[in-house]
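K.L.:
Sequence:
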Amino acid sequence: DIADQAVVAEVLTICGEKERYPQKGVYHQCIHGLGHALMFITDGDLPRSLGFCDALSVDDRRLCYAGVFMENAGSATDNIAHPSKFLRDDDPLYPCNALEDKYLQMCYTTQSIHFTIISKYDFGKAADLCNRVPNPYRMDCFLALGGIQVYNIEEPKRIKEGCEIITDPGYRNECIKGVILYLSSRYGDNTRAYMSDFCSIVDEENKEGCYRQIGKTLTLWARSKEELESFC
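Quick note on numbering: the sequence shown equals residues 7 to 238 in the numbering used here.
Everything labelled a hint here was simulated from the structure, so no lab data went into it.
One thing to keep in mind: the hints can contain errors.
[To be verified] Think about it this way: if two alpha-carbon atoms lie no more than 25 Å apart in a straight line, the pair counts; the simulated PhoX-like pairs of lysine-lysine are:
1) Lys91 <-> Lys126
2) Lys131 <-> Lys163
3) Lys163 <-> Lys126
4) Lys30 <-> Lys91
5) Lys213 <-> Lys231
6) Lys91 <-> Lys24
7) Lys231 <-> Lys166
8) Lys163 <-> Lys91
9) Lys222 <-> Lys24
10) Lys91 <-> Lys108
11) Lys30 <-> Lys163
12) Lys108 <-> Lys222
13) Lys108 <-> Lys166
14) Lys131 <-> Lys166
15) Lys30 <-> Lys126
16) Lys24 <-> Lys231
17) Lys222 <-> Lys163
18) Lys166 <-> Lys24
19) Lys91 <-> Lys166
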């Protein structure tokens, strides 16, 4: 029953000032975790949680939205004990297809979690559902589909095989880039070896995109330009 004004006050201050974090990635994880937390305190009220995220700066909202939508698609507590009020068995694209445009990119990105769960972790079937996502957001669904494998599969070779199920070369490349992005989310500052190991085994046509994504992702963890250059 906490008042909305009190929640907004916490949302605006709880992660502190971005400039005080030596690594952007840690700040990003705090804001993302905030989205999960908002779903906890609102008892899974998706619209209300998104409204609280809207109090943040434009750059931070997307990270917060992602936490909200991830919690909705695959509860961090227990999907059976705490089923979402904002998923429908007969409409796998819901709630994304009922939301304002500003929420759609992050909704369709994280809806791939729901696709994977209802496909019983058959990534081929989940990819078929990503193909039903409206075109402006379809690429994001495949990006996240690569990342989801990072949290369910340990071996780089098997993760690569999961992306190879995707027949479209462009979407397959997004899947591989998603693996790199989510390796960072899972392993944080210790992620460089995992990234390099994965990019070393992908097919030649995917290597450039894979290594470029390493460069982008490491900007979240490098403490200086010199450290980033040494990583590269």
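K.L.:
Against this structure, judge whether each hint is valid.
P.N.:
Structure-based check of all given hints:
no. : hint              : result
1   : Lys91 <-> Lys126  : holds (20 Å)
2   : Lys131 <-> Lys163 : holds (20 Å)
3   : Lys163 <-> Lys126 : holds (20 Å)
4   : Lys30 <-> Lys91   : violated (33 Å)
5   : Lys213 <-> Lys231 : holds (24 Å)
6   : Lys91 <-> Lys24   : violated (33 Å)
7   : Lys231 <-> Lys166 : violated (31 Å)
8   : Lys163 <-> Lys91  : violated (37 Å)
9   : Lys222 <-> Lys24  : holds (19 Å)
10  : Lys91 <-> Lys108  : holds (21 Å)
11  : Lys30 <-> Lys163  : violated (29 Å)
12  : Lys108 <-> Lys222 : holds (24 Å)
13  : Lys108 <-> Lys166 : violated (32 Å)
14  : Lys131 <-> Lys166 : holds (16 Å)
15  : Lys30 <-> Lys126  : violated (34 Å)
16  : Lys24 <-> Lys231  : holds (18 Å)
17  : Lys222 <-> Lys163 : holds (23 Å)
18  : Lys166 <-> Lys24  : violated (34 Å)
19  : Lys91 <-> Lys166  : violated (34 Å)
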